[in-house]
Amino acid sequence: MGDGSAGISALDDILHQLRVDVIEAHYSQCSPVWREIDYVPAHNKLYYICEGEGWLRIGDKEFRPEPGELVVMPANVLQSFSAIEGRRPFLKYWCHFNADLGDAGLFSWLDVPYRMTVDAGRREEVGRKFEALVACAAERGIGARLREKAYLLELLAPVVEKAALSRTGGTAEDAERIMLITRYVETHLAEELTLDGLADYLHLHPNYLVKYFNQRFGMPPIRYVNRKRMERARLLLRTTDRSIKEIAASVGYPDTNHFAKAFRRETSASPSAYRSGGGGSGEG
Numbered sequence: 004m005g006d007g008s009a010g011i012s013a014l015d016d017i018l019h020q021l022r023v024d025v026i027e028a029h030y031s032q033c034s035p036v037w038r039e040i041d042y043v044p045a046h047n048k049l050y051y052i053c054e055g056e057g058w059l060r061i062g063d064k065e066f067r068p069e070p071g072e073l074v075v076m077p078a079n080v081l082q083s084f085s086a087i088e089g090r091r092p093f094l095k096y097w098c099h100f101n102a103d104l105g106d107a108g109l110f111s112w113l114d115v116p117y118r119m120t121v122d123a124g125r126r127e128e129v130g131r132k133f134e135a136l137v138a139c140a141a142e143r144g145i146g147a148r149l150r151e152k153a154y155l156l157e158l159l160a161p162v163v164e165k166a167a168l169s170r171t172g173g174t175a176e177d178a179e180r181i182m183l184i185t186r187y188v189e190t191h192l193a194e195e196l197t198l199d200g201l202a203d204y205l206h207l208h209p210n211y212l213v214k215y216f217n218q219r220f221g222m223p224p225i226r227y228v229n230r231k232r233m234e235r236a237r238l239l240l241r242t243t244d245r246s247i248k249e250i251a252a253s254v255g256y257p258d259t260n261h262f263a264k265a266f267r268r269e270t271s272a273s274p275s276a277y278r279s280g281g282g283g284s285g286e287g
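Mapped onto my numbering, the consecutive letters of the sequence shown carry residue numbers 4 to 287.
In short, the hints are calculated from the structure, not lab data. Any given hint could turn out to be false.
FRET-style restraints, in silico, Cβ to Cβ [said to hold, decoys possible]:
{"#": "1", "residue 1": "Arg267", "residue 2": "Glu164", "range": "50 to 58 angstroms"}
{"#": "2", "residue 1": "Val36", "residue 2": "Glu69", "range": "16 to 24 angstroms"}
{"#": "3", "residue 1": "Gly280", "residue 2": "Lys248", "range": "16 to 24 angstroms"}
{"#": "4", "residue 1": "Glu65", "residue 2": "Gly89", "range": "28 to 36 angstroms"}
{"#": "5", "residue 1": "Pro161", "residue 2": "Leu207", "range": "34 to 42 angstroms"}
{"#": "6", "residue 1": "Pro116", "residue 2": "Val23", "range": "17 to 25 angstroms"}
{"#": "7", "residue 1": "Ser246", "residue 2": "Gly124", "range": "43 to 51 angstroms"}
{"#": "8", "residue 1": "Gln218", "residue 2": "Ile145", "range": "38 to 46 angstroms"}
Mimicking DSSO-like on lysine-lysine, the simulated pairs with C-alpha atoms at most 30 angstroms apart in a straight line are [stated by the list, open to error]:
{"#": "9", "residue 1": "Lys264", "residue 2": "Lys132"}
{"#": "10", "residue 1": "Lys48", "residue 2": "Lys165"}
{"#": "11", "residue 1": "Lys214", "residue 2": "Lys165"}
{"#": "12", "residue 1": "Lys64", "residue 2": "Lys152"}
{"#": "13", "residue 1": "Lys248", "residue 2": "Lys132"}
{"#": "14", "residue 1": "Lys214", "residue 2": "Lys264"}
{"#": "15", "residue 1": "Lys231", "residue 2": "Lys64"}
{"#": "16", "residue 1": "Lys48", "residue 2": "Lys152"}
{"#": "17", "residue 1": "Lys214", "residue 2": "Lys152"}
{"#": "18", "residue 1": "Lys48", "residue 2": "Lys64"}
{"#": "19", "residue 1": "Lys64", "residue 2": "Lys264"}
{"#": "20", "residue 1": "Lys264", "residue 2": "Lys231"}
{"#": "21", "residue 1": "Lys248", "residue 2": "Lys64"}
{"#": "22", "residue 1": "Lys132", "residue 2": "Lys231"}
{"#": "23", "residue 1": "Lys248", "residue 2": "Lys165"}
For each residue, glycine too, the CB sits at the ideal point set by N, CA and C.
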């Protein structure tokens, strides 16, 4: 489908509905202990490798990206990454982001190349765009939010241009179920979300729902919910002046201390440190 004019037309139509949100963006040197094995992120990641070496696995594909490559790591796909012993780790730009078409993720619609070599003549330009994205992500205000979306879309454009409509995203029934899950969770983050409540909403047995989440998202339902809570909290801390107490309540934590502990487990920073820029810069 992605090779013919009908596929191109369909791809063009669905991209009119694209919505992107930057969660965080940084330029950082990975440490020799940069490593995580067999995890499933709730957000997408975009890397631009500047120097160094490292190892990535996305789904069943393994890579050792080189300087000058863009790497896309889609949400809800089993992944691993690691520095390589005895080698200088990556120096890279990186961005965590959401990209949605309606209630489904962009990369559930598209088969994109996970890695793409940037032409030598465009590498300085890509570096400048990523530098501008990082600067916008560190700013407050409506203008910064608009500019960061624009820079992210410019960085994604050459990757999406090489995409085809996905033929491996599951059945239509499966896609609809994922959309229902995403919509329900994201619109009820301020409330208590339980396994039984989610199972009732989807008309599924709780045991089957746990199995489905482990197969489709690589984690049980409540862990997925908690990741979505922290993802929303990071976005609100970075882009609004709402108090930490208000943000905690909006993502389902009436107890601010409980929220702070959960946030630190996820990001290795307190909410206040993350907001001030003292945390969350990590290694991507």
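So, going through the hints one by one against the coordinates:
1. Arg267 to Glu164: 50 to 58 angstroms: violated, 40 angstroms
2. Val36 to Glu69: 16 to 24 angstroms: holds, 22 angstroms
3. Gly280 to Lys248: 16 to 24 angstroms: holds, 21 angstroms
4. Glu65 to Gly89: 28 to 36 angstroms: Given about 19 angstroms between the Cβ atoms, the range is violated.
5. Pro161 to Leu207: 34 to 42 angstroms: Given range 34 to 42 angstroms: holds, Cβ gap about 40 angstroms.
6. Pro116 to Val23: 17 to 25 angstroms: holds, 19 angstroms
7. Ser246 to Gly124: 43 to 51 angstroms: Roughly 48 angstroms apart at Cβ, these two residues keep to the hinted range, so it holds.
8. Gln218 to Ile145: 38 to 46 angstroms: Check passed, 40 angstroms falls within 38 to 46 angstroms.
9. Lys264 to Lys132: violated, 35 angstroms
10. Lys48 to Lys165: holds, 18 angstroms
11. Lys214 to Lys165: violated, 34 angstroms
12. Lys64 to Lys152: holds, 29 angstroms
13. Lys248 to Lys132: violated, 35 angstroms
14. Lys214 to Lys264: holds, 28 angstroms
15. Lys231 to Lys64: Between Lys231 and Lys64 the Cα gap is close to 26 angstroms, so the pair holds against 30 angstroms.
16. Lys48 to Lys152: holds, 14 angstroms
17. Lys214 to Lys152: violated, 35 angstroms
18. Lys48 to Lys64: Within the cut-off at roughly 16 angstroms; holds.
19. Lys64 to Lys264: violated, 35 angstroms
20. Lys264 to Lys231: holds, 16 angstroms
21. Lys248 to Lys64: violated, 42 angstroms
22. Lys132 to Lys231: The given pair, whose Cα atoms are some 28 angstroms apart, holds under the 30 angstroms limit.
23. Lys248 to Lys165: Given that 30 angstroms is the threshold and the Cα spacing comes to 44 angstroms, the pair is violated.
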